[in-house]
Amino acid sequence: LFFLQFFPRAEQERLKRKYHSIRQTNTETSTEFMQHFLRLAGFLGTAAGTEEEQAKNFQWGHRRQKSGDRHQPTSQQSS
2 LFFLQFFPRA EQERLKRKYH SIRQTNTETS TEFMQHFLRL AGFLGTAAGT EEEQAKNFQW
62 GHRRQKSGDR HQPTSQQSS
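For the sequence shown, the positions run 2 to 80 when the numbering used here is used.
Since the hints were made in silico from the structure, they are not lab data.
Since this is a predicted model, take the numbers as computed values, not measurements.
Hints may contain errors.
Below, a list of computed lysine to any residue pairs in the SDA-like style, where the Cα atoms sit at most 25 Å apart [stated by the list, open to error]:
#, residue 1, residue 2
1, K19, G46
2, K17, W61
3, K17, G46
4, K17, N58
5, K57, Q25
6, K57, L41
Please work from the sequences and hints to get the whole structure.
Now the structure itself:
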């Protein structure tokens, strides 16, 4: 209800589009992405979908990397 009461319609639509197209950036840690995602979902409330839908959207936008949290090009080290 907060979302519908206090955000103009144009801002509501902008936040919905941002939420449904959210992706973790190359410089964003998993924690930073989660905070960003949860903030948007919090603003949207029920418009963010069910818990299951939110989990799928989070997984879709979250990048995973085997060796570390930040996504940066790996450099070769000489021994």
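Verification of the supplied hints:
Of the supplied pair hints, the one linking K19 and G46 holds, its CA atoms being roughly 14 Å apart against a limit of 25 Å. Pair hint K17 plus W61 holds up; C-alpha atoms about 16 Å apart against a cutoff of 25 Å. A threshold of 25 Å between alpha carbons decides the hint, and for K17 with G46 the separation of about 11 Å falls inside it, so the pair holds. Distance hint between K17 and N58 is fulfilled; the C-alpha atoms sit about 12 Å from each other, no more than 25 Å.
Taken as a hint, the K57 and Q25 pair is honoured in the structure, with Cα atoms around 14 Å apart against an allowance of 25 Å. Among the hinted pairs, K57 with L41 is consistent with the structure: their alpha-carbon atoms are about 15 Å apart, no more than 25 Å.
Checked against the numbered hints given earlier, this structure breaks none of them.
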